Every structure is written in C-alpha cells, then in structure tokens.
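Listed in order, the protein sequences are those of chains F and U.
According to the working numbering, the first sequence holds residues -18 to 99 in order.
According to the working numbering, the second sequence holds residues 47 to 487 in order.
Hints are computed from structural coordinates only; laboratory data are not their basis.
Remember, predicted model here, so these are calculated numbers, not experimental data.
One thing to keep in mind: the hints can contain errors.
What the hints assert, rightly or not - Anything over 10 Å on all C-beta distances counts as not near chain U; from chain F, calculated:
1. Gln8
2. Pro20
3. Leu62
4. Asp83
Stated by the list, open to error - To give an idea of the interface, some chain U residues facing chain F are shown, with a C-beta separation under 8 Å as derived from the structure:
5. Ser264
6. Leu306
7. Glu308
8. Asp311
9. Ser314
10. Ala399
11. Met416
12. Val420
13. Arg465
14. Ile466
For every residue, glycine included, the Cβ atom is placed at its ideal position computed from N, Cα and C.
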Amino acid sequence: MRVGDIAAGRAGDKGDMLDLSLVARDQAAYDMLCKVLTPERLQPLMNRVVPGPVLRYEIPGLRALKFVLPRALPGGVYASLHPGLHWQKAAIWLLLDLSIADDGQRLLAPSDGLGPFT
Amino acid sequence: MADVACVLGAGAGFAGDRIDPAVVLARAGVDAVVLECLAERTLVPALRARREHPQAGYDPRLVRRLTPLLPVAREKGCRIVSNLGAANPVAAAERIARLGRELGLAGLKVAAIVGDDVSDRALQVRWVREPGAPLLGAHAYLGCHPLADALAQGADVVVTGRVADSALFAAVARDRLAPGQTALAGAIGVGHLLECGGQLTGGNYEPMAGAGLPPPLSAEQYAGLGYPLARVMSDGSAEIGLPPGAPGMVDALTCSLQLLYEVHDPSSYATPDLVVDFSGVRFETVGENRVRMSGVRSKGPPPTLKVAGFVDRPGFIMDCEIALAGAGAHERAEVMARALRLRLGDWADRDIAVDLVGAGSVLRAGSQPMRGPVPELRVHVSARCSDGEQAQIVEDEVYAMTLSGPAGGCSVRSEKRPRIEVLDGFIAHEQVPTQIVWSQS
C-alpha cells in the first residue's frame, strides 16, 4: 500500500529547512507509519534528493508525524538549481509515494520496483 | 464555553495572493481581515525599491489590493491588519490614507508600525553563521503588542513591515482575551493556522485515496475558494470555518496539516511573544466545514527575537529550458542534455543541474518511473554564474542547441535570478524598540 493511501501530507520550508508533515487517517495507520517511517530508514532515501539529517517528531494527539530536514535546502529557495522556484512544495510526494509491505511491518525497498527511488 | 473574543479572517497568504477573498470575508462581518503579504524574501525587492526611491519599498500591489476592500471594511466596521508595508510601512500608511481620500472615505486612521528594521544594529545580531557577504538588510520579527496598541488607539488599518505572521492575528485578539499566557498562546496558534489563507480551506491539499473521504475540490471550487475565518474565544480556543456559501474544505485533516506547516519542533514553536506548544492541540469537527481548535499551550516568552538578514551573493543563477516534441522526443532530449553538459564543462557538478522537465527535474531520484513515451519534454539547465557574462554563456549554449543539437530544439526560455540568501540571527528584545506613526485620510 502507498503511504498516500493512509495519510495526507504537506511540505513546507523555512530558510535551509525542509519540513514534511503526514497526518494518518486513523490510529492503525498512525501506528503503522510510526513503525515503518523511521529516520534511519528514510535518511538514505531522502539523501538521494536532498542533503542532511532527517529528524522526526511524533504528535499522537493529531495522529501526525513531522519530518524536519534542517539542511535539505542549502541557501534557501533562491539558491536552488531546480527549474523555477519552490520545487520543495512537491517534496511531500517523496513520502506519499513510498510503499509499505502488505504485512504493514516495513517499507518496500527501491529494489522492489515500486514508486520513487527505483 | 468561553465568550467569543473576536472573529478574524485571513484575506491573503502571500504578496501575490488573490484580492477577492478578503472582500468576501469583510462582507461576512469579521472584526478584522488580516492580509499576510510578506514572505521571507519578499523584503528583498522592497529594500531595493526603497534604495531607489525613499517613498517606495512597500508592496506594489497595495492600491489594487485595498481599493475593493477599504469601502467594504469601512461599511462593516472591519479592521485591516497587514504586513504589506514591507520595507517602508510609513510610506504604505500614507498611501493607504491617500487611497482612502481618493475613495471618499474621510477620517480613516492608519497606523504604521516601525522598528523591525535593525540593519543599523547588525553587529548586535547573533547570526547563525558569518554573513560572508554584504547584508542587503536585517529585519527583526516583531510581536503582536505594538499592533494591538495601535488598534486600542483606534486604528482602522494597521500596516507593518516584518512581524511574525501569527502576531498579525493575535494583535486583534489581545485585548479581548482572558488574562494570562494560555489565551494569548491560543490566539497565536489560531494566527499560525490562518496565515496561509486558502491553504487551510482545501488549497494545496490532496485528500488521501480511500473510501468515505471527501473528493478533492473541483476546478470551480479552487477558482472560487473561500479563505478561512476563526471565531476566537476569550480562552484562546477557536472555531475555524468559511464565509457563508464560500467553497472550500475545512476538517481536522486540513487543520492538522496547516498547524504543523513550516514548524520545526511542534512542542516549541518560537514566536516573538511566546514559545507555543502545539503538541496538545485537538481539532473537533462541530459542523460542515466547522472545526473547533483547542489545547495550544504557552512555554513563556522567547529569550530573543529572530532576525532575518539578506545576503547578496555575487552573480546569478541562470535557469534555462528548451523543449523537444514529436516521436523520439525523450531520446533526443537525453542526448541534448548530455551535449549541453559537455558544452558547459567549465561548471563543477555542484554548480550546475541538467535534467528533463517532465521526467524528473522536480523530485529527481525520488520521481516516479516513466511509463511509456511522452509527447514532449523540456531540457532544463540551471547554473550558478559568478557574473552576467557567465550567465549569458549558459543561455547562449542552450540557444545554440536549436542549430547545433539534436533535431527540433524549440520554445526556449530563460530566467536570470539574483543569488539572495536568507540568514537567521537573534537579537535581544530591548534592542528592538517600536513606534506607531499615524496617517489619516
């Protein structure tokens, strides 16, 4: 299943920081996302697109996970070498398009041939 | 339940935002419309304009934005609070007063809030790193109090430069809240929720796939999107909604996403007045497109104010595209991209990107894989250039592909951007005195 099937998301930025928020549709989805979207699992994937560490904050009252990448956008919006400005508005799809194994226990690897990073 | 302290509307979420939603909110009878028109970098063109002309430096959309709004606001007794003063709030206030006269609205009291410009105190700012280049400007983020003072003294319009976006909203609520930090923290939280306008009411929002959830908004709904309003209670809780009849979507999901938007640690969100804690926030749906928000807590005032400094790096980023269409467009585009990289061999990898718009230029390695041929693509080049001559070379090399590259290179376009960086810093509260400057129509 796709992360975007069980959570809604939005990307934002402030200076060099990229922030990615996910809100799960129910408690089971939140528990699953907490289990599979660990910073350790995500950082190597994210680092194929943006540099730096991945921090995670849990907000159980909102069934939300917040990922903060403090050095992902070096120099901020105007320093980007992407076409046009504000590519990072789409960065939430780096998470939404990830796939979770049917047993809900792990993220599928890029070598499984699904979604981004393949 | 606590009494209603005030009703706030979010009429704009950035400088170029739509004009009409604010008018709809004013007609709906909100106590104040807030127009957030000053992103981090929006100050840079404003500072340049002020350097050219001492009466410039405010949002050039001021007249277009306020012409339809001022008469409705006057008729309805609705205040206007906005940071569209940018680098020159006093000139903006004078222009608003003059606009009031031009519209036949006598006696309009306009307050300019001055004091955010700390460029003459840049040495007292603790920067997170050395600026390394001359500063174009340095502006501290002001809190709600000078704005609230201006409203208490009878301002119909309050115009500012750099102020925390959430403080534009909290200023209207301040004097109508229960005493103590918790209620003010709530109003700051409401302001944070509202500050991006349509992003709270279904804009930039993709509902998750799955049964039982509302579909995305239609083209007609996006085109006529209502911007949010909030009934702020005296205890700092609030009910979030839409103007009557306005299209949009407000539910616990849209509110949760916006609460977390551009926040670092949700349990310690620093604003000039208070560090607020969003970790205990609850959103309850209380009706169609009506959500009750509660549970924002205060962690006390922050030790310092944040400062945004602007560093003007020499040179430009040259951003060019050239299209390919017809059968084999993808293959020709791949070859053209490689040929361009060879032609621009003087650029180190870290200073240039050559990729295909339509195949992965946005999410790069995180893009969905291509499935089947596409009818057209664009080859994109962005390169850091130390001066205008280098930028011209990049543009010329892209154009030269129309004659000397794979067949059919067409529809070339380019943009030369200055290399402005924002640098964060911190300054002591007492280093940032503020002042109210009045204009009247």
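Quick rundown of the hints versus the structure:
{"no.": "1", "hint": "Gln8", "in the structure": "holds (14 Å)"}
{"no.": "2", "hint": "Pro20", "in the structure": "holds (14 Å)"}
{"no.": "3", "hint": "Leu62", "in the structure": "violated (4 Å)"}
{"no.": "4", "hint": "Asp83", "in the structure": "holds (16 Å)"}
{"no.": "5", "hint": "Ser264", "in the structure": "violated (18 Å)"}
{"no.": "6", "hint": "Leu306", "in the structure": "holds (4 Å)"}
{"no.": "7", "hint": "Glu308", "in the structure": "holds (4 Å)"}
{"no.": "8", "hint": "Asp311", "in the structure": "holds (6 Å)"}
{"no.": "9", "hint": "Ser314", "in the structure": "violated (10 Å)"}
{"no.": "10", "hint": "Ala399", "in the structure": "holds (4 Å)"}
{"no.": "11", "hint": "Met416", "in the structure": "violated (11 Å)"}
{"no.": "12", "hint": "Val420", "in the structure": "violated (16 Å)"}
{"no.": "13", "hint": "Arg465", "in the structure": "holds (7 Å)"}
{"no.": "14", "hint": "Ile466", "in the structure": "holds (5 Å)"}
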